[in-house]
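Both chains are given apart, each in its own frame, so use the hints to dock them into the complex.
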Amino acid sequence: MSATEQALVNSDTVPLSLRGPAATRVVAGYGFWLFLLSDIVIFAALFAAYAVLSGETAWGPTGVALFDKKHVLIETACLLTSSVTCGFGSLAVQSADRSSTYFWMAITFILGASFLSLEVTEFRHMLAIGARPSRSAFLSAFFTLVGTHGLHVSIGLAWLVVMLLQVATLGFQPMVSRRFFCFGLFWHALDIVWIGVFTIVYLGAH
Amino acid sequence: MNTQTEAQGQSPGANIHTHGTRQSYLIGLGYAVVLTLASFWASSTDVIYAHGVPILLGVLAIAQMGVHLVFFLHISSAPDQTNNILALALGIFVVGLIVFGSMIIVAHLNHNMMPMDRLLQIQR
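The listed protein sequences correspond, in order, to chains A and B. If you read the first sequence in the numbering used here, its first letter stands for residue 1, the second for the next number, and so on. If you read the second sequence in the numbering used here, its first letter stands for residue 207, the second for the next number, and so on.
Here chain B stands alone, though its shape is the one from the complex (with noise of 0.2 Å):
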């Protein structure tokens, strides 16, 4: 492992690419434009059980976006990249805490308020 003799100004394994190929960005388009029609398509149909829809639409999206970060980010499980999966685990972390964190909260808020009537009924 002789990386003295490298250019100058260069770090060692500056050379190395983590960028797919041009096949792999045409997969993953491939994949999202599948996962895009298939939301578009279950939002609008009446096939599927119509309190079901919002847990598929979930569904697509999370897929597409593993899709995104997979094919077109070139997220994986190579030994320079331990660290980008560690933030990332942590950013998913912190997102669900915010978003299903402020949904639970407030719903529960909403449960608990007294109606609006009679709130009307004591300010009078």
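With the rest of the complex left out, here is chain A (with noise of 0.2 Å):
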């Protein structure tokens, strides 16, 4: 297809009825994309439980006794820096440049792991002074909704090693690209995500 056929396809004067089929790519990606917003409002039931459970704290440790705002904003950095490298990762799988979709891809697993070994570390903190998940209302809807985010997260860097795999062995066939695609979704949804664990758990604290 020539460009200006493209142009044509795309251009508001052809009707909707008469373009055809949509592209397998933004098919796959409205298959996904529902996926996404389904898993968004499993995260809107457990935050709705944290805002209604957040202030009982049964005499236990509060949220702002607990957390470490430093410790979130390098969190945050993290995730948010991954999201664009994982943007700058998509561009190069859509030009087939393997050089660059392995390193923006490997930068994105690093931050994504930091992130994790981060939210870890922060776990194992709470978890030694007695902050469990069994102290308190509080404390088992923030373990809930903060893992919940952080078990996401693993998920996300497990299937990115696959992808990296599969780049290797079946290399950018259209069906490995539209995989990434929805990796990139995936990974981005898990950033807006973020910022509402950021905002209501950990800058709402009180």
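Hint data in this document are derived by calculation from the structure and do not stem from the laboratory. Take the hints with a grain of salt, since some may be wrong.
[To be verified] Chain B stretches covered by chain A per the calculated footprint, using a threshold of three residues with CB under 8 Å from any CB of chain A: (1) 260-274; (2) 288-297.
[Claimed, not checked] Partner residues are not named here, just some residues of chain B that face chain A (Cβ under 8 Å, in silico): (3) L235; (4) G236; (5) A238; (6) T242; (7) F246; (8) S249; (9) S250; (10) T251; (11) F278; (12) L279; (13) V300; (14) V301; (15) I304; (16) M309; (17) R324; (18) I328.
Where is the CB? At the ideal position from N, CA and C, for every residue including glycine.
Spelled out as structure tokens, the structure:
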């Protein structure tokens, strides 16, 4: 399809009903987008539980006493930067540039793993001083919400490794680049959930 | 619109790129960094009236989510994105219903509950 024909397909002069089936990439993106929205609904339920229970500390440690804002800022920086390097990686996948795909996705992996290790450090510290999930309703809700986000990040990291192996073995087939596209959506969506976590849980601590 | 001449195995319009450019990611990063730093600043400053801080944090968070949707997830008003936008609207509706609905209902129950010391007296 030449550039002018492409422009014709995209232009508004062609009625929607005459444009033919949507591109596989659009359809796959839509399906994955629906999955992401359902995932965000799960997080909404956990956010609702946290918002309702955040004051019920049962005379145990409160959020203000437990959370270190500097620590959270570093975690946020890791995740935000990894979102951008993931975007650069997606552009490299799109132009089938193997070496820069490896480069940007490796940085994405390192930043994601740093985020995860910071979170594990925080959890271990909290468990060590007796702020366990069983201590109060506030801590149960905290570990469930933040832990579920951490679990998603771990799954994302595993997925990223699998995708890099697929690039190494299968190359940039349409199938592989479509999966990479979905991985990018997943990774960016996790960053959006993290905005909610750091605003409501860490900055809104009382 | 002669799509038959396309290569076999490739769906029509598969070469449409919905990704942004490197520049759009960097612009998004700039906005996100400013909004993040503003939230962290707002949460630990005395300049703002204390009761207004949660509202400011909420506004900054929603703004940053918008920045991420536009610059990282590339949600736009393009014709091939109509379905994505509709699904997003449904998602926002459900999320709002779950979060604010739960908060209002539980706050009401909490308000109407008998104070704990009275409850203990009755049980005695």
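query: Going back to the hint list, which numbers does this structure go against?
result: Result: hints 4, 10, 17, 18 break, sorted rising.
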